[in-house]
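Enquirer: So you can see what is in the structure, the chains are spelled out below.
Number of protein chains: 2
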Amino acid sequence: MKPHRKSWESLAAGKRAATLAKVPDHWRLSDSELSDAKKQRDLTGSFIRKFLTEDEIFITDQNATQIASAIQVGWLTALQVTEAFCKRAAIAHQINNCLHEIFFDQAVERAKQLDDYFSQHNKTCGPLHGVPVSLKDQFHVKGIDTTMGYVGWIGSNLGVKTPEQSHKVESQITTELLDLGAVLYCKTSLPQTLLFGETKNNIIGETLNPLNQNLSCGGSSGGEGALQALGGSILGVGTDIGGSVRIPAAFNGIFSIKPTPERISYREVANTNPGQNTYRSTVGFLSTSLDGLELIFRSVLSTEPWKRDPAVIPMPFRDQVVDDLLSRAKPNGAAKASALPLKLGVLWSDGQVGPHPPVKRGLGMVVDAMKEAGHKACYFRVLPSFTLCFWLLRTSADQAKRVHVAFLKADGAHDIHAQLDRSGEPLIPDLRNSFQLKPPIGLLEYQNFTLQGLDYEAQYSDYWNSTSAEDGQIVDAVIMPVAPHAAVIPGKFYHTDYTEAMNLLNYSVVVIPVTRADKDVDLVDESYQPLNATDKKNWDAYDPEAYHGGPVGVQIVGHKYEEEKVWAIAKVVTAALQTFGRQC
Amino acid sequence: MKPHRKSWESLAAGKRAATLAKVPDHWRLSDSELSDAKKQRDLTGSFIRKFLTEDEIFITDQNATQIASAIQVGWLTALQVTEAFCKRAAIAHQINNCLHEIFFDQAVERAKQLDDYFSQHNKTCGPLHGVPVSLKDQFHVKGIDTTMGYVGWIGSNLGVKTPEQSHKVESQITTELLDLGAVLYCKTSLPQTLLFGETKNNIIGETLNPLNQNLSCGGSSGGEGALQALGGSILGVGTDIGGSVRIPAAFNGIFSIKPTPERISYREVANTNPGQNTYRSTVGFLSTSLDGLELIFRSVLSTEPWKRDPAVIPMPFRDQVVDDLLSRAKPNGAAKASALPLKLGVLWSDGQVGPHPPVKRGLGMVVDAMKEAGHKACYFRVLPSFTLCFWLLRTSADQAKRVHVAFLKADGAHDIHAQLDRSGEPLIPDLRNSFQLKPPIGLLEYQNFTLQGLDYEAQYSDYWNSTSAEDGQIVDAVIMPVAPHAAVIPGKFYHTDYTEAMNLLNYSVVVIPVTRADKDVDLVDESYQPLNATDKKNWDAYDPEAYHGGPVGVQIVGHKYEEEKVWAIAKVVTAALQTFGRQC
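Listed in order, the protein sequences are those of chains H and R. Going by UniProt numbering, 535 is the number at position 535 of the first sequence; the sequence numbering is gapless. Going by UniProt numbering, 532 is the number at position 532 of the second sequence; the sequence numbering is gapless.
Among the clues, some could well be false.
Stated by the list, open to error - Covered stretches of chain H (chain R as the covering partner; in silico rule of three or more C-beta atoms under 8 Å from a C-beta of chain R):
#1 274-282
#2 452-461
#3 488-500
#4 544-557
Hints listed in this document are in silico derivations from the structure and should not be mistaken for laboratory results. Note that CB positions come from ideal geometry on N, CA and C, so glycine has one too.
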């Protein structure tokens, strides 16, 4: 065993060093700068900006649609943009450890080609022309490793080590992004197995939360979230089977969309146990802006991914859905006779583990702002909180979690251990209880879980429809926590049901940032009576000092295939928060 | 064992008698008429018509759209239509044994209500107002048994025997059909387990092919096919996981559409092993006319089934797809500068079991008619047959079959035996080898099969796309056999790959009738060299005399979610056959 064990450790150390070595010398931070970074609570904003020039700050503080427009009208070149983001990502990685792969050289080459194209044709080559896009390290880029955090995959993709196969695979969505004009420049960190709400693996160690280094950046698309919080990316691609684009978005104060699994191609994307196809991981997007989410989602769909990946539903971006929703939400004008206010369900708690004070306050801000906007413009109503909460989740959220986890663990972690065995690396300590190698569950039990999942989905749909009983109007979307805490103290993520239940339902979800934990406001509620042991553990873990500054996001949840609708509702909610949020 | 065994037999006999007893006395055939029927080769056409009045013949010889229109304009009442179809179905059942449930009383009551509505409102209550629709005995109708061919389900639905639950369930599509104005009047026979290409069970025995009583009516929606061939129905609902709406359509000379599984609701429909959700059975339609298929498919989608069943994709009927396709296929006019001919792939044989001479001739008729139409109007081209055939199916059809069957048998027939055990009835002899109770396969093996299925789908999609290499145009649809024989001699259905491979791909398929076996034309080809033992068995089973008059249909296959497109192509092919088919 010993030489084997040594081998994975040295491989991991070599890979770590090789990635860091791809940061150009002139972007390297000094030991004292690195040591200074370690002492910071918050690495974002002014801290990271001090390593950048004014121009670099100006460029990297734009959002994705601003960058796309600036290039389109010729105000910026793709090269200027690429170099600025590469540098900011390089700094981010050095202080936050958020990258698995760096390929700035490829990015610069590509940016030059795009600029040449622009010069020659006097137009961009696609809607993402020159826009930098970061990728979670599950997506294959030609010439680049995909380790997915496994030591055994170093030097290859998908564990393939024969030279003729390795580094030649390209994920379908990678091809689509390149066809749309995007510039790819780095791949972001993730946890071993992908099935963890923090970001730790045996290659890079851990990625912390750049907004509050007491906390985790979340997971599994954690590196994406952290990189974006640091301004090193404005648009990224992740995946989500239990919360993996939503948790990092909420924990890092950015936006994300988790579509229904079949809308975006997962073809040729590395994954954990892809043979478990009953509940599928979905490709999702993270961005520093809501408009960025729409830009990438709409652009990717415009390539008609279903023509190349038969798993994708042939459903183009539906502008009509967005237009209809936004026109419903406009202030009451003379011509709006048929206007229908939005009706939102609010899920304050799942009845299993109550959210910490900052999360509860964040939800309240959304509810109050929406009520306020509704009160003024008469377009918003909010469901009584307990209607959704207690019927749905007190009786069935634990079921949802149990069923969902059954699928993720059904194979007894055989796939995970096959990957670990390639190098002899062990499970990271956090996962040692969850993913011990076990016999797979029996097929009859698996099929019974399938029936439970289908039944849960049908019952939830019936309940949702029943919300029309009171006033004839069915709830448009549900607002709920992403997790019971504002980011999380590493090792204290006890309850992932808020996101996992939505995976069991395959619902469309947009996450928006709402507020940040404030030790002076979000006091410990000494009167809180925990509902059970997990709730008590979570409640006891609330430490206003440690959590201070941790971001709070909320899930805006729609039915399956309602991505456009929930995105538009997110626009309305965000606008309401901007207008009325301060009052809370 | 003995008393138990006696019990199932008497239960089955009782059910058989009870169903027959629901035929009103004045529609009963005499013993000599029944005995005469047994001697016929072909029960359809003039034979069954002689039991009907001129009015009844006139009404029941209309197709579904004609019936809908006739009621809509007031030429016929729903009651006239209902009584005529009930009578024809009653005759059909007595001579052909194609019904599991008869509820003419309910139907007549409903027809009267519909006529009252029409009188009061001077309009129909929906697009299916007064149109009789027959249902395969998997669909629940309130007050009526769903036995699905199981003795243990007699007197109940889904084996539920507590009086408070039984007969209260209604399948979602049943509700939709009623909301659309349809009149439901009978449920049709199917084979024990549903997983069989003939129609036999321990309750009703066997349903033969009414066009040629030497042959089987096919399965599993076999009673639907037979009833429609006899004119006792013009529109029916079936299901398909291996060919179960396509085989009966082809074997009985009618039309069918097998949509992608998620387009029509399967909610609250009885099924075999519903926990196997990786490859799903799909609700499909059978009709005596192509227009009937469009009428019911469009009507059901107009109810937005996805709002009540979260498993359904929110995809309305897409008129634009039909319009675009039909406009491409129109004769070359002055204004058709952008016209694009249809390009059809033809799969003459799957390289495993070659089709009998009648089927080969039927395919040839389609190809020749399309070429002829194309030649004259320059809108049709046909792919060289061997391109699709040998690449795709010689190398991979056996894989498709193997993988698909793996899913159907994965549970070791546990679900089937649980149903058999309710009454102690045995498997029917035809299924004793296939569905012995066995241990389920392991989950890892199951997940490995899942990966093989996904890979097959992806490879097939790539191949389909590669058909553009020659001329820049991708094949629009593939024409292929439904089975290697024109209906089938009972017990000689050795090879179901032609339909099953399309289930593994979840493709959209329309089946159209083309010709009937002709002993004077479809001679045995003595020079044929069988490819393998199964091919030899199938070839040896070809008997021109026995098969004479057996119907030949073809599959018209499109990608997933291309129902509207394949339906429109079927229109074009049918028109070409009508115009040019005689020449072949």
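Enquirer: Now look at each hint and say whether the structure bears it out.
Expert: Hint-by-hint comparison with the structure:
{"no.": "1", "hint": "274-282", "verdict": "holds (count 5)"}
{"no.": "2", "hint": "452-461", "verdict": "holds (count 5)"}
{"no.": "3", "hint": "488-500", "verdict": "violated (count 0)"}
{"no.": "4", "hint": "544-557", "verdict": "violated (count 0)"}
Of the numbered hints given earlier, the model fails hints 3 and 4; all others are met.
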